[in-house]
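In order, the protein sequences belong to chains A and B. Using the working numbering, read the first sequence as starting at 166 and increasing by one per residue. Using the working numbering, read the second sequence as starting at 8 and increasing by one per residue.
Note that these hints are calculated values from the structure, not bench results. Since we're looking at a predicted model, the values are computed, not measured. Note that CB positions come from ideal geometry on N, CA and C, so glycine has one too. Any given hint might turn out to be false.
Okay, derived cross-link-like pairs now, DSS-like style, lysine-lysine, Cα gap no bigger than 30 angstroms in a straight line [stated by the list, open to error]: (1) B:Lys314 <-> A:Lys387; (2) A:Lys635 <-> A:Lys677; (3) A:Lys275 <-> B:Lys314.
Here are some chain A residues pointing at chain B (derived, C-beta under 8 angstroms) [as the list claims (entries may be wrong)]: (4) His261; (5) Asp287; (6) Trp383.
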Amino acid sequence: MPKLIVDGREVEVPTGTRLIEACKAAGVVVPHFCYHPGLSVAGNCRMCMVEIEMGGRSRVAASCVEPAVDGMTVRTQGAEVRDTRQGVMEFLLLNHPIDCPSCDCAGECKLQDYYMDWGAVDTGSRRETEPVHKPKRQEIGPHVMLDSERCVLCTRCVRFTQEVTGTHELGVEERGSHSTLHLAEGKRLDNAYSGNVVDLCPVGALTDRTFRFQRRVWFLKKADSICPGCSRGCNTEIHFDEKRDYKNERSGRRVMRIKPRFNAQVNQWWLCDEGRYGFEGIDFGRLVRPLILRHGVVSPTDGEDALAEAARLLDDMARRHPEQLAVLLSPDMSCEALLAARSLFVDQLKLSRVDFGLSLDPAGLEDGLLRTADRHPNRMGCELLKLKRGAFADGTLLDEIREGRVKGLVCFRWDLPALLGEQARELLGQLRLLIVLTPQAQAWGDLATLQLPVALYAEQDGTFVNFQGKAQRFHAAFPPMGEAVGEVDLLLELGQRMGRRPAQSSHEALRKRLEAELPQTAGLEAPRAPEHRVSKEAAPR
Amino acid sequence: MSEFHGVPAAPGPRPAEMTLSMGPSHPTTHGIVRLKVQVQGEEITDCDVEIGYLHRGFEKMCENHPWNQCVVYVDRLNYVSPIINDVGYHMAVEKLLDLELPARGQWMRMLTSELMRVCDHQTCLAASCMELGAFTAFLYLIKGRELIWEVLEKICGARVTTSYTRIGGLAYEPYDGMAEEILALMPDLRDIHTEIDKLMTDNRIFIDRTRGIGALDRATCLSYGFTGPVARAAGIEYDVRVQHPYMFYSQLDFDVPVCSSGDCYDRYLVRLREMEQSLRIVEQCLARLPRSGPVCVEDARVTLPAKEKVYTRIEPLMQHFKQHMWGHMIAPPAGSVYHAVEGGNGELGFYLVSTGGEQPWKVRCRPPCFGMTQALKEMIIGGTIADVVPIFGSINMIGGELDR
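My request is simple: use the sequences and hints to build the entire structure.
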């Protein structure tokens with residue numbers, strides 16, 4: 166294991182480690198554009214140059230290429246390194262367009278950051294000819310916009326489409342100062358992971374079309390979350406801004422974009438496009454007030470009335486005809502919510518028809534990279550909590566309703582029309598009691614006795630267990646919309662109103678029980694609370 | 008009733024006590040403070056000075072704004088001499104950042120501070136004289152203030168809300184012809200001040216209204232924390248520019264007028280003489296001001312690049328952005344600092360606490376007129392209602408500074 170000294174600090178790293186990683190191990194971040202730990206080494210940007218002293222001789226070399234060798238002394242600061250970096254910056258900025266005011270990348274741009282970090286030397290007056298111009302503002306795919314003028318030709322995106330997706334859509338044409346990033350002949354950047362090139366791009370050459378001009382990045386707050394799109398449970402960050410709705414023309418939009426978080430076992434650095442861009446449902450199409458069906462008319466009501474009615478109706482049916490009451494939970498619910506539901510419906514009300522359904526959705530597909538066929542995040546959680554599955558999948562529940570053996574249904578989160586198909590509408594109409602707990606406004610709302618608005622994953626704390634059995638926690642980014650309530654709170658409240666006292670009657674108690682029953686949920690690092698805008702602030706000592 | 012101004016009490020029943028409210032809005036007390044006075048006839052037997060009417064949460068606002076944006080709040084402290092506030096605040100921030108301005112920037116700060124000091128004293132004397140009935144003095148002094156404000160507007164774009172300083176420098180360079188224009192003002196200003204001197208200093212009515220009025224002994228003044236012209240009128244030889252020199256004040260030749268009795272008349276006299284000394288300082292600054300060179304420190308973290316470069320080259324554009332984006336702005340290292348300058352009213356101090364963030368943790372302003380306003384009660388008890396007018400005028404309470 167080679168031992169080397171980086172900026173005066175001694176560090177020991179595995180054989181073959183590149184110097185740039187060895188410096189990171191010593192706590193020094195070396196500036197770079199083209200290097201990425203998830204891609205092959207290109208060594209073309211020359212920004213990561215460091216001074217290496219070995220055997221009495223010293224030279225300046227690219228740390229992303231150089232392997233760490235025993236006895237090396239590495240300097241990442243100092244006049245020689247500084248001059249090298251400034252020279253590299255000069256070349257990169259020579260033809261760079263003056264786009265900061267209209268470039269989405271401002272605030273997270275490596276050129277901006279490194280320029281200030283490394284001396285802020287303005288060499289622009291040395292330019293003697295007109296800058297080279299390249300195509301701007303090209304819609305190269307459904308999600309990605311390319312501005313070739315801003316490109317620093319690090320080729321991270323090229324390597325991504327070669328090595329990770331294997332789709333080879335991007336390449337660099339021409340030579341010298343006319344080198345241009347472009348799409349391969351006849352192709353569009355429309356693979357299922359196209360959004361990742363936006364993360365990779367260190368400048369504003371590749372940008373998100375969905376995010377384009379929506380919000381300046383320094384206004385964004387970030388919350389750690391887990392994507393609920395499939396059972397992989399990719400780690401994400403929800404970037405949101407609740408305070409400036411006037412910029413959205415008061416549409417109520419809170420989530421601006423979703424970015425992946427690095428997780429070596431689950432999703433490495435990547436996120437699929439569905440997970441990245443599928444956040445419309447968090448802010449739009451929501452059920453925000455409870456709706457109640459009274460005397461044939463569906464009307465909004467307040468939480469107090471709705472909960473009282475729900476408690477009364479459920480209690481009534483649970484006492485007199487528990488065998489006719491079915492509860493359909495969902496693998497979209499968090500472990501905590503599932504546990505609270507099991508505690509109320511199975512342990513307290515002693516219902517027998519409680520299961521978590523299963524999507525018959527054929528659209529799920531396994532793609533060998535991230536996406537799994539199961540489009541729900543917490544099926545594993547349901548199974549580990551010993552909930553039954555599939556009464557809807559094998560059609561038995563529909564039969565039971567048809568034959569009148571089930572007269573009441575409590576449905577969590579499922580989009581019933583999508584799940585059951587149009588023909589089931591009549592069947593559901595036969596139910597005496599239909600309570601739907603959902604975040605989204607439902608198409609068959611007029612059939613439901615009660616529709617209770619429920620908070621989404623972005624609005625609650627919770628745990629999902631992915632298909633590998635890995636439990637992962639997510640944090641609420643913002644409070645629930647309108648009068649939506651988290652499932653746990655709702656279930657605890659219902660239980661209380663129905664006069665049943667569950668063994669766990671608080672969030673903390675539920676969490677303890679969950680950790681006891683599912684040991685993999687214990688000892689997980691608590692997800693970070695949403696980061697405040699001003700990142701360089703520390704509390705006083 | 009006690010003997011009053013040498014006149015023995017008249018025989019007969021004593022008049023009843025009344026409680027009156029002078030202020031917060033009162034024709035002859037400029038500024039915004041409420042004096043709840045208990046009077047027996049004309050004599051004030053007790054008083055409660057109620058302040059806070061102009062409290063605008065200056066400290067809190069500064070806590071929620073980046074370091075460079077606090078200047079607009081700092082302007083509005085002592086709003087009759089805003090550049091002095093700007094300079095005081097920014098010198099404190101520069102102390103935290105360990106920055107020193109180039110000479111040209113410092114001379115400009117001194118120059119404009121002294122011009123503002125003249126404006127402050129002109130305003131104070133103008134208002135005080137007017138309230139005693141000397142309306143002519145008011146008009147003449149305001150004319151003098153206008154002359155200075157016209158030049159200041161050319162220097163920094165505003166007469167009152169100047170926001171002239173920035174961290175590490177100034178917002179604007181001096182304009183061509185500034186020195187000549189200011190020098191051309193000197194005779195006019197001196198004429199006006201001399202006119203005021205002739206009108207007021209030996210004026211029987213003015214002397215009767217101000218001599219022996221509102222004085223406190225030296226020890227009491229010190230215990231209240233008096234500084235500035237009011238303290239110097241009481242014989243306390245303290246001027247921050249002399250005792251704790253900053254910028255290039257130690258290189259200059261100027262006097263600090265000091266009187267002895269501390270009454271309203273002495274306070275008037277100290278301010279009148281100070282205006283002349285400030286003009287002397289201005290002339291010296293103009294003589295020594297470098298004609299060219301930067302006014303801001305050459306540090307890319309704090310000094311903005313020139314606009315013509317920002318619009319035409321990528322490097323200055325990026326630098327401009329990096330100084331303005333949340334999460335990228337200048338953040339002085341954690342620590343606390345106190346720095347004081349000589350304001351129009353006395354020691355204007357800024358106590359800043361940084362926790363290493365882009366926003367200050369605390370920006371405390373030491374308001375020089377606070378001590379005097381606190382002592383106001385003591386000064387007016389035993390006097391008449393009519394005496395409140397010169398006393399209040401002489402302490403130059405500025406609401407923005409007092410209440411923040």
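Hint-by-hint comparison with the structure:
As the CA atoms of Lys314 of chain B and Lys387 of chain A are separated by approximately 34 angstroms, the hinted pair breaks the 30 angstroms bound. With a C-alpha separation of about 18 angstroms, the suggested pairing of Lys635 of chain A with Lys677 of chain A holds against the 30 angstroms cut-off. With a C-alpha separation of about 23 angstroms, the suggested pair Lys275 of chain A and Lys314 of chain B falls inside the 30 angstroms cut-off, and the hint holds. Against a cut-off of 8 angstroms between C-beta atoms, the interface hint on His261 of chain A holds, since the closest Cβ of chain B lies about 5 angstroms away.
Checking Asp287 of chain A against chain B by beta carbon gives a least distance of about 4 angstroms; that is within 8 angstroms, so the hint holds. At a threshold of 8 angstroms, the smallest CB-CB gap from Trp383 of chain A to chain B is about 4 angstroms, leaving the interface hint in force.
In summary, the structure is inconsistent with hint 1 from the numbered list given earlier, while agreeing with all the others.
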